[in-house]
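Engineer: In order, the protein sequence lines correspond to chains F and H.
For what it's worth, my numbering labels the leading residue of the first sequence as 1, then goes sequentially.
For what it's worth, my numbering labels the leading residue of the second sequence as 302, then goes sequentially.
Check before you lean on any hint, since a few could be wrong.
[Unchecked claim] Label-pair ranges, simulated between beta-carbon atoms:
| no. | chain 1 | residue 1 | chain 2 | residue 2 | range |
| --- | --- | --- | --- | --- | --- |
| 1 | F | R277 | H | T665 | 22 to 30 Å |
| 2 | H | Q540 | F | L278 | 29 to 37 Å |
| 3 | F | T233 | H | N370 | 22 to 30 Å |
Simulated from the structure, these hints should not be mistaken for lab results.
Just so it is clear, CB atoms sit at the ideal spot from N, CA and C, and this is done for glycine as well.
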Amino acid sequence: MDYTPELEKALNELKRITGITLEARADTPEEAEQALSQIRCLCAAYKEKYNREDFLKSLMTDGIPAYDVNERAARLHIAPEEKRILFLLEAKTADDTFMEILRNLFPSRSRTYIVPVGGGSVAVLRPVKSGENTQSVKHTARTIIDTLNMEALAHVQLSYSAVMDSLADLAAAYRETSLALKVGKLFYSEQTVFPYNELGIGRLIYQLPVSLCESFLKEIFGDDIPESFDDETTAAVNKFFQNNLNIAETSRQLHMHRNTLIYRLEQIQKRTGLDLRLFEDAMTFKIATMVINYLHTERNR
Amino acid sequence: MASLSLQGIQKIYPNGFHAVKDFNLEIEDKEFIIFVGPSGCGKSTTLRMVAGLEDISGGTLKIDGKVMNDVEPKDRDIAMVFQNYALYPHMTVYDNMAFGLKLRKVPKAEIDKKVREAARILDLEKLLDRKPKALSGGQRQRVAMGRAIVRNPKVFLMDEPLSNLDAKLRVQMRIEISKLHENLGATIIYVTHDQTEAMTLGTRIVVMKDGVVQQVDTPQNLYNTPCNLFVAGFIGSPQMNFMDAVCKVNGQDVTLTVGDHVLKVPASKKKALIDGGYDGKTVVLGIRPEDVHDSEAFISNSPDSVITSTIKVYELLGAEVFLYFDVEGTQMTARVNPRTTLRTGDKAVFALDMEKIHVFDKETELTITN
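With these hints in hand, go ahead and build the complete structure from the sequences.
Structural biologist: Written as structure tokens, this is what we have:
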């Protein structure tokens with residue numbers, strides 16, 4: 001029986017990654033299917049055993065049991081105990097140009113690992129340099145972004161993890177950076193770098209179930225939950241919060257008469273019952289608007 | 302090279318943050334335009350929208366008359382230089398400059414021609430075989446510029462490219478960028494928060510605040526005729542002095558009273574105050590430090606613009622002296638000749654050059670007299 005296209009593809013793939021040429025004999029379609037499955041398993045096993053990228057990807061997604069990590073890392077010449085940081089990048093597409101730029105930005109392949117993790121996401125696992133601090137890590141993050149912007153002309157957002165001591169912590173670091181990227185894109189979408197430890201109240205809101213968020217909004221606004229406020233009101237409120245609820249300073253900065261600002265705040269009070277001149281109400285309003293944005297994004301997803 | 306047109310450009314992020322509001326600007330071919338403003342004012346966001354790195358929420362962007370809103374960044378024929386540029390550490394200067402072209406599969410001979418031409422413009426010819434480690438900060442910056450130049454784009458976009466350099470190198474690189482603009486005849490949009498950089502580099506400057514364009518003008522006009530209090534305070538170093546003053550109109554005479562000091566408004570400025578109905582109202586009086594004089598000759602010729610105070614700080618900068626003092630609780634600065642005899646603690650008399658004053662509406666903060 002002739003090879004099916006799938007079987008032929010699988011045999012070629014096996015040859016490409018291992019150098020081994022196999023012949024398969026199958027007399028029935030069932031046997032061909034079985035051969036295909038076995039060859040695919042062989043490819044997967046080989047990749048898992050000898051390919052750093054696949055190993056690290058599996059490790060990040062909890063695909064490798066803890067007892068097996070050190071042994072397999074040693075086989076791939078990856079030091080299991082080393083201080084490292086994980087950067088997680090997300091672009092529309094991580095094409096060849098994108099990857100080539102990253103590889104050249106981090107040319108040391110024996111210590112820095114660049115792992116595509118699907119879609120437009122790429123993880124960069126990099127050792128911590130001596131004397132590196134929070135500022136220099138942030139600078140590295142910005143350098144990655146700016147270089148990809150300049151060379152690949154791609155919009156990129158990035159999050160990074162805390163320093164991890166061993167490869168066994170990689171799965172947790174990946175979860176941390178994934179969360180930072182999601183929370184950052186949702187609540188701080190104007191930024192491009194989201195450090196794991198600068199997610200603020202967004203981190204809390206993101207963990208809340210939708211039903212709980214809806215109950216919270218209902219408690220504050222009743223049945224009339226606003227989808228959003230108009231631009232001028234939003235700008236005035238944001239500026240008012242930035243100025244620590246100082247009416248004089250806010251109206252000065254907005255080039256607005258203080259009575260106009262007070263009128264706007266009173267309109268919000270009429271609509272929501274919240275007097276933003278009071279700290280408690282201002283805080284409730286701030287959280288409520290973040291929850292509204294969160295639900296809005298969740299519904300659109 | 303190219304002309305650009307930004308019509309009613311808006312940027313609203315998914316979280317509701319309105320970063321750029323109704324941005325309108327026509328940029329001529331070969332113009333060197335600067336976006337300047339404090340951090341968070343929307344200048345980088347606008348640049349990134351021109352580049353295509355951020356989606357445009359509203360309005361129209363045209364390059365050479367073609368609408369670019371939905372065109373992919375790589376098809377916009379632009380090149381960028383950003384603040385946190387990185388050179389590829391294992392590559393020579395030549396390879397660093399050629400890298401982007403190699404990725405685009407440009408033929409070798411063409412790459413070589415473009416790299417050598419860019420190296421000539423940037424005076425990097427002798428450094429082409431060096432690795433980044435062996436370069437100074439300024440040379441590295443020139444290589445980063447070279448990577449943009451080899452693309453031969455229609456528009457150069459630069460986002461604070463000098464911010465990571467030390468002060469001395471920044472001055473040097475400013476001159477280099479100016480020369481580069483002349484040599485390339487390129488259209489350049491340059492973002493900075495540094496008003497000195499803006500004033501020295503740009504043919505026109507866009508001053509932004511809170512996502513809104515405040516004023517678009519030449520450096521000279523921004524300095525001499527700011528349209529509002531923000532622009533007046535932002536442009537110029539040391540910044541303009543501001544004092545609250547009460548305007549009094551008596552027939553054709555107009556005075557501004559600051560505490561005990563009564564200052565007579567000259568003919569060139571008083572019409573706007575009379576016509577604007579400012580009699581009895583508090584306005585903001587602005588005067589640049591170099592227009593506050595301590596010389597006896599000036600004081601005796603300007604008896605109607607004299608203020609007195611005690612010097613709090615004397616600061617000698619070599620070619621000039623800054624004197625800091627308070628007038629009615631407001632700190633003021635005078636930029637005077639280093640031969641001044643005034644020192645910290647001295648009682649001082651100054652005269653304001655009233656032809657150079659700026660008067661602003663206290664509520665709207667807009668200029669009254671410019």
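Engineer: Each hint: holds or not?
Structural biologist: Taking the hints in turn, this is what the structure says about them:
For the pair F/R277 and H/T665, the supplied restraint of 22 to 30 Å holds, since their beta-carbon distance comes to about 24 Å. At roughly 36 Å, the beta-carbon separation of H/Q540 and F/L278 lies within the given 29 to 37 Å, and the hint holds. Distance hint check for F/T233 and H/N370: the Cβ-Cβ separation is about 27 Å, which falls inside the suggested range of 22 to 30 Å.
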